[in-house]
Every structure is written in structure tokens, then in C-alpha cells.
Amino acid sequence: MFSPYKFEIESLNAWFGSKHVLKNINMKIKEKAVTAVIGPSGCGKTTFIRCLNRMHEIVPGAKVSGRVLFNGMDIYNEDVDPVQIRRKMGMVFQKPNPFPMMSIYDNAAAGLKLNGIRDKEKLDSVVERSLKLAILWDEVKDDLNKSGASLSGGQQQRLCIARALAVEPEVMLMDEPCSALDPIATAKIETLIRMLAEDYTVVIVTHNMQQAARVSDFTAFLYLGELIEFGSTKEIFENPRSELTEKYITGEFG
Amino acid sequence: MKSSRKPPVFIHNLNVKVHKIFKKPLTGDYAFKLLAATFASIIFLILGLMIYELIKGSQLSLQRFGIEFLIGTKWDPAISQVFGVLPLILGTLVTSAIALLIGVPISLCIGLALSEYAPKRFGFAISFLVELLAAVPSVIYGLWGIFTLIPFLRNNVYAYLQGILGFIPLFSGPIYGGGVLTGGIILAIMIIPTVSAVSRDVFSAVPNTQREAMISLGATKWETAKNVISYARSGVIGAIILGLGRAVGETMAITMVIGNKFQLLPSSLFDAWYTMSAIIANEFTEATYGLYVSALIEVGLVLFFVALIINVLARLVVWRSLKLVRGIARE
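In order, the protein sequence lines correspond to chains G and H.
If you count by my numbering, then the first sequence holds residues 6 to 259, one letter each, in order.
If you count by my numbering, then the second sequence holds residues 5 to 335, one letter each, in order.
The hints are simulated quantities; they were obtained by calculation from the structure and are not laboratory data.
Keep in mind that the hints are not guaranteed to be accurate.
Cut-off 27 Å, straight-line C-alpha distance, at most; resulting in silico cross-link-like pairs (DSSO-like, lysine-lysine) [stated by the list, open to error]:
id, chain 1, residue 1, chain 2, residue 2
1, G, K35, G, K151
2, G, K127, H, K225
3, G, K118, H, K225
4, H, K225, G, K125
5, G, K151, H, K230
6, H, K230, G, K93
7, H, K124, G, K68
8, G, K100, H, K225
9, G, K28, G, K239
10, H, K230, G, K118
11, G, K239, G, K35
12, G, K24, H, K124
13, G, K118, G, K100
14, H, K225, G, K93
15, G, K125, H, K230
16, H, K230, G, K127
17, G, K100, H, K230
18, G, K68, H, K225
Under 10 Å between C-beta atoms, here's a sample of chain H residues computed to sit facing chain G [stated by the list, open to error]:
id, residue
19, T213
20, Q214
21, E216
22, A217
23, M218
24, I219
25, L221
26, G222
27, A223
28, K225
29, E227
30, N231
31, Y235
Heads up, the beta-carbon is just placed ideally off N, CA and C, and yes, glycines get one too.
Could you build the full structure based on these sequences and the hints that come with them?
Below is the structure:
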């Protein structure tokens, strides 16, 4: 069954303990495009993206209901192993989190090693390819044995992107990847996101509306756990249907 | 006018503050600083006094035997009055090594279980009990060793062990119950509370972002836990050293179960042996002449330096691996 959608989310609800953080979300995320999720703090956008690779449930007391179809298959089905799902998706977090006790090389190769790949040649080529994809290769190619922690913040974040890309995921999930970075590093990551969209499905959570406007093809606006509006980025920013969206985008609150 | 620019106001203010600190030393702040510094420097005094007293007390033996004391293998207070501690050093190091070999893996598992796996309330209860174990006096461990552990090991464990591994010399020979392995086991039990409590703390201190990075890469729970250990390795080394420190210096319990037999090397793990702390505890009351007492004090001096060397080495390792993590820890 062919579907242009990578994710089809059907009546997704999520809780932390008794706190209802996502309320009946229905959304379809298109393949090989960038979908941005925006909204004020606490609106559930991070929870939303963490429901897509079953990271939400690792927090004690967290609960999910509803369906998330990934390539037409429900990832919340009982038979599905969340570990296998996560291997198909790369995730980048708010704060760069490279493994400080590993070298740059080993950071980039970490995912492959988890998959049991030990072949040196294969590892070499994948490390080089993913560091190039993450536009980091030229900066680190002579220091591959240095600690991942020796890099600057922006470089660390690109290393994390390379680490996620190395396992050839189908999807890149990015949770405010630039929130801890300076403008120059942010610009580099944004360029990278646009490039990635040619081959990958990218979902990016961002606090920064300009960033959503710059990098995304589709935008979802979440408010207090509800999906207020979802559509092409152009539409959302130029001609929002909901008054709430308009207020948020024009900076009246948030 | 040389320059039209005034110095920025905040720098000016700062100067005033710095100035004040030096001009008005007798504020409460300064008095407290002095008090704290005094007590802190008492540490140096105590340590210095300890070394001084140990060296002074062991003068007789130091002058008589010199380096022979360290490499000598004879301990004969009764007839020839010759003292050498090499067997005791070996006994201390080997029993401590056995303790680490057995105790550290168990402790790390306890630490991981508490920080990564256990539900909060359950983990809290276990932590409390583990820490309670550290408060049990060592003579109690020794008594328990004599009355419970030794019969249990002799009747249920050692015979099997010998049956399976008897072809290795280490596991051959007569089984008394007490001995090197029993000593190592009791030390292992005694270091578990310390090592597991500290390793739980260092594992808990690993930022969650590290766990999430592993999980998002598709790591299993165990692979994530391995990464936690690796991130916390300097702390883990610190925990192990604390355990080693306790094992090396432990006196009562080991004295009660190791058999206290002075020999260069035991014939097997089941044979009796001796440690530095045990011989001091056992023979101090019997030391009837100056050289004997002096030799025992020198054993204390050697023990002190062995512990010192272990701690310095450990510090170096911890510093080295901390350097790696610092880049991330800065956040």
C-alpha cells in the first residue's frame, strides 16, 4: 500500500501521570519534507515528537493512547519492539549530547556499533559519509580521535546529527535542535535541515517561528495540548485560518 | 585632556569592593574564613603527626633492618628476632584484590539496579538497607564469618569448587574453612555497601540526555546502562578505590577468618595467610621487647604508605578521565 505519508497520527493522547498533555491529535506527516511543530512553552510539542519514536514512554508515569502509523504500521501495536522503531528514526535533542567519553569517530559510529557492525572499512566509510552529510567533516577530519566533548556547541550538535544519520534512518526527529546554539551555528543547522529534506522525512520542534518559516514545508501549531492548525507553512504564516494561530504568529502571546 | 573616555562605572565599583576586602580584615566574614582555614589546615597537622609518630616509633626496626624489612620473608620474634613483612604485604594486597574481584561487579550491579531499573520507592528502601550494612561494626562481620560463613563455605561451596577446579593448584589442598578466599569473601561483603552506594550516586548523576541519546539510537536497556557506566567511569573508579581503601585497612573481620599463618605464599586459596593489619592487632599485646614493638609500628607505617600509594594512583586515574568529561559537564 503506497502512501505519501510517513506518519499518520490518529487520535493520539499522551499523559504524564494525571496530566493530559496531548489531546486527540490527528495529523499526517509527509515523506521527504520538513514538518515543523510550533507553539508556546508547555503546549506539548516536545511530547508530541517523542511519541513518534516511543521515547515518551520511557519517563515513569507517562502514558500514550491512539495510533501512530509509521509506513502504514502502528508503532504502538503490542507486537512492536520500541527498540526496533527507534533504530529507524534519528533523534536530535535540545542540548547537544555527544558521548564525552567517546572519540568523534566513535560518536559517529555509535549507532552502527549498536547494530553489531564491527567491520572497520564499513565503519570508516559510514563515519565519513555521515560527518560529511552533517557538514562537519572538514572541521574534524584531522581530529577524529579527539573527545566528542572537545568540540564547540554547534559542532557538538552537528556531531549528534551525524550520529543519528549514520544508521540511515528514514526519519529525523529534531527537538529544538538550535535552542542552545548561537546564530551562526543555528544558520548552519538550518541549511543542513533543508539539505536533509531531500532524502529524509524531518520533523522539527521549534520555539522560534522564524525558524519554522525558514526551514519547514508544513507547520503544525499546538496550543495547550491541542492541534490548533496544521497546513503548509506558507498558508499558516500568511493566511492562518485560526485566530489563535494568527495571534501566536504575530507575537501577541507565547 | 589625554582621553575623553571615562573608565566604565562598573569597573570602578569593583575596585572599591576589592579595596574593602584588604582594608577591613576583621569583619565576621573574614573571621569565619580564618576559622575554616584553621580547621582545614589541621588535616595537615594530623597527617604530619601520624607519619612522624609512625617513623619515630619504628626507628629501632628501621635502623636494624633497613630495606630488608620490606623484602624479608621471615617473622621470628621468639628466637632470631628477625622481622620481614613481604608476606604480609602480599596477604593484604591479594585478599583486597579478591575482595574487589568479587565485590565490585556485585556492587556495580546494585548501583545500576538502584539508579536505572528499580522503581523509586523500592530503590529508596534498598538504598537505605545497603547503607545500613556499612554501619555494622567489623567485629560483627568477623563473628558472623566464624559462625556462619566459614561453616557454610566449607560444607557447601569449597568442596564443589575443588571438585570442579581442583586440577588448578590454586583450588587444591586441604580445606579448613577459614583462609585466603574466605578472607577475600568477607572483605567483599564489607566493601559492597560503600561501593554500591557511591556507584549508585555517580550513576544517578549521569545526565538524562545521555540515556536519551542512547535510547534514541535504538539501544536496549542494557546498552544504555553500559553507556551510563562508561560516562560515570571516573566516579566508578573513585567508588572502587574507596572500597579498596576499606579492604586494605580492614582489621578485625579479616583477622578472625583468614587463619593468621605467616608464610610467603599460601599453598592454595583455601590455605591460611596473614595481613598487615591482622598481625598488628594480634601481636601488639604480645610484643614484649622494644624491637618487636618497633617492627609492628613499622608494619603500620608500611600499611599507611600502601594505602597512600593506592589513593594517589586512584586520584591520577580519576583526574585523567574527568578531563574528558569536563567539556560536557560545563553545560
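| Per-residue hint verdict: A223(H), partner chain G, C-beta under 10 Å | Where the cut-off is 10 Å and the nearest Cβ of chain G is about 5 Å from A223(H), the hint holds.
| query | Keeping to a limit of 27 Å between CA atoms, is the pair of K118(G) and K100(G) held or broken? | reply | OK: K118(G) and K100(G) at ~23 Å, within 27 Å.
| field | Cut-off 10 Å, beta-carbon criterion: hint that Y235(H) touches chain G | value | The hint holds - Y235(H) has a Cβ within 10 Å of chain G, the shortest such distance being about 6 Å.
| query | Regarding the pair K230(H) and K118(G), is the alpha-carbon distance no greater than 27 Å? | reply | At roughly 13 Å apart (the allowed maximum being 27 Å), K118(G) and K230(H) satisfy the hint.
| Is K225(H) within 27 Å of K125(G), Cα to Cα? | 26 Å, holds
| query | Straight-line Cα separation of K100(G) and K225(H) no greater than 27 Å? | reply | Roughly 22 Å between the alpha carbons, so the hint for K100(G) and K225(H) holds.
| How about A217(H): closest beta carbon in chain G under 10 Å, or not? | At about 5 Å, which falls below the 10 Å cut-off, the nearest Cβ of chain G leaves the hint on A217(H) intact, so it holds.
| task | With a cut-off of 27 Å on the C-alpha distance, tell me whether K68(G) and K225(H) pass. | result | 19 Å, holds
| message | Would the hint linking K230(H) and K93(G) be met if the CA-CA limit is 27 Å? | response | With Cα atoms ~22 Å apart, K230(H) and K93(G) stay inside 27 Å; holds.
| request: Identify whether the interface hint at G222(H) stands, where standing means a beta carbon of chain G within less than 10 Å of its own. | output: This interface hint holds because 3 Å falls under the 10 Å limit.
| Keeping to a limit of 27 Å between CA atoms, is the pair of K151(G) and K230(H) held or broken? | 21 Å, holds
| query | Holds or violated: is there a CB of chain G closer than 10 Å to the CB of N231(H)? | reply | It holds, given that the least Cβ distance between N231(H) and chain G is near 7 Å, below 10 Å.
Figure legend: structure checked against the earlier numbered hints; the only hint not met is number 1.
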